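Those protein sequences? They're chains A and B, same order as listed.
Following my numbering, the numbering of the first sequence begins with 1 at its first residue and continues without gaps.
Following my numbering, the numbering of the second sequence begins with 1 at its first residue and continues without gaps.
Any given hint could turn out to be false.
[As the list claims (entries may be wrong)] List of simulated lysine to aspartate or glutamate pairs, EDC-like, C-alpha gap at most 20 Å:
(1) B:Lys124 to B:Asp63
(2) B:Lys124 to A:Asp88
(3) A:Lys124 to B:Asp88
(4) A:Lys152 to A:Glu15
(5) A:Lys152 to A:Glu11
(6) A:Lys152 to A:Glu83
(7) B:Lys152 to B:Glu15
(8) B:Lys124 to A:Glu83
(9) A:Lys124 to B:Glu83
(10) A:Lys152 to B:Asp133
(11) A:Lys152 to B:Asp63
(12) A:Lys152 to A:Asp88
(13) A:Lys152 to A:Asp13
(14) B:Lys152 to B:Asp13
(15) B:Lys124 to B:Asp52
(16) B:Lys152 to A:Asp63
(17) A:Lys152 to A:Asp14
(18) A:Lys124 to A:Asp52
(19) B:Lys152 to A:Asp133
(20) B:Lys152 to B:Asp14
(21) B:Lys152 to B:Asp88
(22) A:Lys124 to A:Asp63
(23) B:Lys152 to B:Glu83
(24) B:Lys152 to B:Glu11
[Said to hold, decoys possible] Computed far set for chain B versus chain A, every beta-carbon distance over 10 Å:
(25) Pro37
(26) Asp52
(27) Ala73
(28) Ala111
(29) Gly130
(30) Ala140
[Stated by the list, open to error] The following label-pair restraints were derived from C-beta to C-beta distances:
(31) A:Gly113 to B:Val129: 45 to 51 Å
(32) B:Phe134 to A:Ala162: 31 to 37 Å
(33) A:Arg10 to B:Thr26: 32 to 38 Å
(34) B:Asp133 to A:Pro84: 20 to 26 Å
Hints in this document: simulated from the structure, not taken from any laboratory.
As the structure is a prediction and not an experimental result, all values here were calculated from the model.
We put the CB at the ideal spot given by N, CA and C, even for glycine.
There are 2 protein chains.
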Amino acid sequence: MAADRTNPIRETDDEARRLVRGLIATARFGALAVIEPGTGMPLVSRIAVGTDAAGGIVSLMSDLSFHARALAADPRASILVGEPGRGDPLAHPRVTLIGRLEPVEPGAAQAEGLREAWLDQHPKARLYVGFADFRFYRLALERAHLNGGFGKAYVLTPQDIAAA
Amino acid sequence: MAADRTNPIRETDDEARRLVRGLIATARFGALAVIEPGTGMPLVSRIAVGTDAAGGIVSLMSDLSFHARALAADPRASILVGEPGRGDPLAHPRVTLIGRLEPVEPGAAQAEGLREAWLDQHPKARLYVGFADFRFYRLALERAHLNGGFGKAYVLTPQDIAAA
Numbered sequence: 001m002a003a004d005r006t007n008p009i010r011e012t013d014d015e016a017r018r019l020v021r022g023l024i025a026t027a028r029f030g031a032l033a034v035i036e037p038g039t040g041m042p043l044v045s046r047i048a049v050g051t052d053a054a055g056g057i058v059s060l061m062s063d064l065s066f067h068a069r070a071l072a073a074d075p076r077a078s079i080l081v082g083e084p085g086r087g088d089p090l091a092h093p094r095v096t097l098i099g100r101l102e103p104v105e106p107g108a109a110q111a112e113g114l115r116e117a118w119l120d121q122h123p124k125a126r127l128y129v130g131f132a133d134f135r136f137y138r139l140a141l142e143r144a145h146l147n148g149g150f151g152k153a154y155v156l157t158p159q160d161i162a163a164a
Numbered sequence: 001m002a003a004d005r006t007n008p009i010r011e012t013d014d015e016a017r018r019l020v021r022g023l024i025a026t027a028r029f030g031a032l033a034v035i036e037p038g039t040g041m042p043l044v045s046r047i048a049v050g051t052d053a054a055g056g057i058v059s060l061m062s063d064l065s066f067h068a069r070a071l072a073a074d075p076r077a078s079i080l081v082g083e084p085g086r087g088d089p090l091a092h093p094r095v096t097l098i099g100r101l102e103p104v105e106p107g108a109a110q111a112e113g114l115r116e117a118w119l120d121q122h123p124k125a126r127l128y129v130g131f132a133d134f135r136f137y138r139l140a141l142e143r144a145h146l147n148g149g150f151g152k153a154y155v156l157t158p159q160d161i162a163a164a
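Okay, chain A solo, but in the shape it has when bound (with noise of 0.2 Å):
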């Protein structure tokens, strides 16, 4: 435990730059936090996560679902990566990823090549990528909140976790 419980904050360091980029680099899925149009509730859901060429954390996912329509409404949101093995679920590396989370749209530079790598990393999802209601989104990172194990706490800037 850090001495100072009181401002469990760390410093950044390398370390907990390159814990968040390997952590975004690996994930293939995570939970999604939204605000519920008209209630305003956050609500949380499972979605398949990726990266770009840019090293942008990306998603493909249905306009049918519950945080599509939330999106639609407001783009606020966060993703959590970073999934535990064995042991105390709580001892391993996640990082809160915070921004908001908007459609790439079909022609953007952004989009260039964005299915194929999202098929690389997806295999499965060559099953209903062309539907007609799914589309791809891309987090504009604000800032990440890594939680490295107990008391390791950090707060990152987009630039602490652009590829160095």
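Given the structure of chain A, go ahead and fit chain B onto it with the hints provided.
Just chain B, lined up with the frame of chain A:
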């Protein structure tokens, strides 16, 4: 895929009810969505999850965590449980439990036996369950969104989920 893809919510049946009860009974961790004070951003983080003697959904959290601070300002929350196994992570059942997540006051009827039940389910928590900044929370469940796999979405009531 369901025949009517524009209305993907199915009618709740006993199989859906059993599936949600099973996901709750076996959950040891999950993803919590809360609303961040000040910014209003939806924040997701990993928490430990368990059940009390009445089958209620409980957690043990530090007052120092981002999510505990958020809940102190606004108890509205949802918790995702149901971990993926092999294959496409989106093919595995998971449920979003929606309601208010509030501290269990020591001495309240709901506190009785809670510590022992928690330690049965989370033996490693013995290391920190006694820390002054840790406390138990219980979810006052309002509804649940079950995703039983592609095209298998359900909305359940607390009555659907209460043990048969």
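- Task: Find the hints from earlier in the document that the structure breaks and name them by number, from lowest to highest.
- Result: Of the numbered hints, all hold.
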